[in-house]
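Given chain W, work out where chain R should sit, using these hints.
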Amino acid sequence: MSGLTLENIDKNFGAVVAVRDVNLHLPDGQFICFLGPSGCGKTTLLRLIAGLEKPSRGRILLDEEDITHIPAYKHNFGMVFQSLALFPHMTVGENVSYSLRVRKTDKSAQRQRAQELLDLVKLSGLIDRHISQLSGGQRQRVAMARALAIEPKLFLLDEPLSALDAKLREDMQLELRMLQQRLAVTTILVTHDQREAMTMSDLVVVMGPDNRVHQMDSPLEIYRNPADTFVADFIGTSNLLDGISSGSREVTVSGARLEIAEMPDGMTPDTKVTVSIRPEEVHVLPDLEKGDNRLHGTVSFVRDVGSSVEIYLDCNGLQIVSQSTPKGRPAVKQGDQATAVLPPTACVVLRS
Amino acid sequence: MIEEKPKGLRAYLTLVYPTLMLGIFFIVPFGLMAAVSFFHRQPGGFYTPGFELTNYKNLYTALFGRTLMFSLFIAGLSAAVCVSIGFPFTYFITRMKRRVQVVWLILLMSVLSLSEVIVGFAWSLLLSRTAGLTNLFVWLGLMERPVALYPGFAALLFGICYLAFPYTVLVLYPPLSRLDPALPEAAQTLGASPLRTFFTVVVGSLRNAIVAAFVMVFVFTLGAYLLPQILGRPRHWTLSVLITDAAIYQTNMPLAAAMAIFFMSVSLVLVALTMMIGKGKKIRTT
Chain W
0 MSGLTLENID
10 KNFGAVVAVR
20 DVNLHLPDGQ
30 FICFLGPSGC
40 GKTTLLRLIA
50 GLEKPSRGRI
60 LLDEEDITHI
70 PAYKHNFGMV
80 FQSLALFPHM
90 TVGENVSYSL
100 RVRKTDKSAQ
110 RQRAQELLDL
120 VKLSGLIDRH
130 ISQLSGGQRQ
140 RVAMARALAI
150 EPKLFLLDEP
160 LSALDAKLRE
170 DMQLELRMLQ
180 QRLAVTTILV
190 THDQREAMTM
200 SDLVVVMGPD
210 NRVHQMDSPL
220 EIYRNPADTF
230 VADFIGTSNL
240 LDGISSGSRE
250 VTVSGARLEI
260 AEMPDGMTPD
270 TKVTVSIRPE
280 EVHVLPDLEK
290 GDNRLHGTVS
300 FVRDVGSSVE
310 IYLDCNGLQI
320 VSQSTPKGRP
330 AVKQGDQATA
340 VLPPTACVVL
350 RS
Chain R
0 MIEEKPKGLR
10 AYLTLVYPTL
20 MLGIFFIVPF
30 GLMAAVSFFH
40 RQPGGFYTPG
50 FELTNYKNLY
60 TALFGRTLMF
70 SLFIAGLSAA
80 VCVSIGFPFT
90 YFITRMKRRV
100 QVVWLILLMS
110 VLSLSEVIVG
120 FAWSLLLSRT
130 AGLTNLFVWL
140 GLMERPVALY
150 PGFAALLFGI
160 CYLAFPYTVL
170 VLYPPLSRLD
180 PALPEAAQTL
190 GASPLRTFFT
200 VVVGSLRNAI
210 VAAFVMVFVF
220 TLGAYLLPQI
230 LGRPRHWTLS
240 VLITDAAIYQ
250 TNMPLAAAMA
260 IFFMSVSLVL
270 VALTMMIGKG
280 KKIRTT
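So the protein sequences, as listed, match chains W and R. So the first sequence is residues 0 to 351, counted in numbering that gives the first Met the number 0. So the second sequence is residues 0 to 285, counted in numbering that gives the first Met the number 0.
One chain only, chain W, in its complex shape (with noise of 0.2 Å):
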């Protein structure tokens, strides 16, 4: 099996839990994001991967090969760190053929092979500029053109995005994908970002406060269909309503039926579940109408920011939220009594 395999991996740092508990095979070619909240172990599992920490049992296999004791300089792996650590002391093309010099490849060749890395990072004519006469975004590129200069096995960046400001960051998760795809290099981002993990992978591995791994699938399977409520609620914005199974498609929420499309295997009857729902697939219909999956509530406030509407329900005490389009927009307003719609198709069941 060809691309990377992680196998019970653990890591401890003394007492700490890092990393809990990881198996994961990451396939060769593909745009993978390590998505979670600081401090769940993301940035460690990709120090992992690079060689920088041992684990603390388990293996790590790259196409089958063991290179869980390997240290990181034998590798051949770029990374990007979230300081950049670009090298103060030396020029814009010291830096890109850094990984050059040390494997003692010929001066010429290094600054050929830098002056091709910086035309395609967009910075030809940068070469004999110094680190501290760059602007962040320049900098961002640097550290990018230093670590693909070997033509890495695999590209990691450790939240390299994080520091720059909205603007320039989207500008550069788009042409990170590009180059990505263009390079056809198996790549590993660490993000808090959600948006940003959504936007650029092809595979999303959602970790979670407890250290292990949640998820990992493709971004929209994991925001159509969340593997728990963690995941559910990490990943956009989720109504989970607590209810108890009470039949083979159906569950009820504080008195109500829903009927569900697609419950999780092996679902008995009277378990305690969490039904997720996203606020844009909640329909809000004024009055209280009769009817399956539907519950009545009262409208506690809403939020009209423009480009969409979002309604909150008082449901008994559960609180809903459902978000519309400003033309689908419901007839409702605070305080009036009113209906939300909770499509079977839409509500994915969980186990508490």
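Derived by calculation from the structure, the hints in this document are not laboratory data. Since we're looking at a predicted model, the values are computed, not measured. Glycine included, C-beta positions come from ideal geometry on N, C-alpha and C. Any given hint could be a false lead.
Pair ranges (Cβ atoms, derived) [to be verified]:
#: 1; chain 1: R; residue 1: Gly64; chain 2: W; residue 2: Gly135; range: 54 to 64 Å
#: 2; chain 1: R; residue 1: Pro180; chain 2: W; residue 2: Asp65; range: 19 to 29 Å
#: 3; chain 1: R; residue 1: Val137; chain 2: W; residue 2: Thr104; range: 47 to 57 Å
#: 4; chain 1: R; residue 1: Phe91; chain 2: W; residue 2: Thr104; range: 25 to 35 Å
#: 5; chain 1: W; residue 1: Arg128; chain 2: R; residue 2: Gly7; range: 37 to 47 Å
#: 6; chain 1: R; residue 1: Phe91; chain 2: W; residue 2: Thr270; range: 49 to 59 Å
#: 7; chain 1: W; residue 1: Ser37; chain 2: R; residue 2: Ile117; range: 45 to 55 Å
#: 8; chain 1: W; residue 1: Thr236; chain 2: R; residue 2: Pro180; range: 34 to 44 Å
#: 9; chain 1: R; residue 1: Gln100; chain 2: W; residue 2: Asn11; range: 17 to 27 Å
#: 10; chain 1: W; residue 1: Arg128; chain 2: R; residue 2: Pro180; range: 19 to 29 Å
#: 11; chain 1: W; residue 1: Thr236; chain 2: R; residue 2: Gly7; range: 54 to 64 Å
#: 12; chain 1: R; residue 1: Gln100; chain 2: W; residue 2: Asp192; range: 33 to 43 Å
#: 13; chain 1: R; residue 1: Leu111; chain 2: W; residue 2: Gly13; range: 28 to 38 Å
#: 14; chain 1: R; residue 1: Phe29; chain 2: W; residue 2: Gly135; range: 43 to 53 Å
Leaving out everything else, chain R in the frame of chain W:
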């Protein structure tokens, strides 16, 4: 940019005290010494004011030349030894846990609380034949019989480095502890072995701190006066000893002053050169 407000007289008041102190305790005595170096010596007495270059002409002796060269040489050598041991040492301290770092720093600081006299005599004892460390080596079976390791050049160099080492670490500690730990890691992911990383990235990015530490130890050691007399032989005596000898035992103040001024000028030139080399290297890579 924040525009600077025009300062009133009040703002400069705070500067009065340091200026006064600097003037009274540094500039005035220095000026006196500079003046005395041109005065006329009264044999058997003190000096009479005047202007003559005799004192500087009298510097032109083999003894003065040799002592000057030796002073500069031992200062340069001990600075080189201190920095080349102190830099990796400090680097390893800064990579340790915070609590361990504090213990090391306190240990080093405690060395500073010892006076030069105590350190000098302690080492002369430890390096002696009768009561020195070699007795311990004999007892351990590492040596045949105890030997005297002092007086001599090695003992002197050792003593000076022992005194200057804590200062070296203190000068190097702040820049090294501020070094981004990702820098050496980045070098490793780019294929540099730990040793290569140390020389190309850690040493490279801290070149200015290294030059600063070197200059500091060099200047600090130039004034060595006691240790050469305790741990060295007469031929290891530094210019400070010679100046004291001229001033006190020969009561030749003008000559001593001329020596001091000349010595200081030469050291200043050397320090400036070192700084320029440090800067020049930086400009080349810019």
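*Hints that the structure is at odds with (numbers, increasing)*: Violated hints: none at all, because every hint is consistent with the structure.
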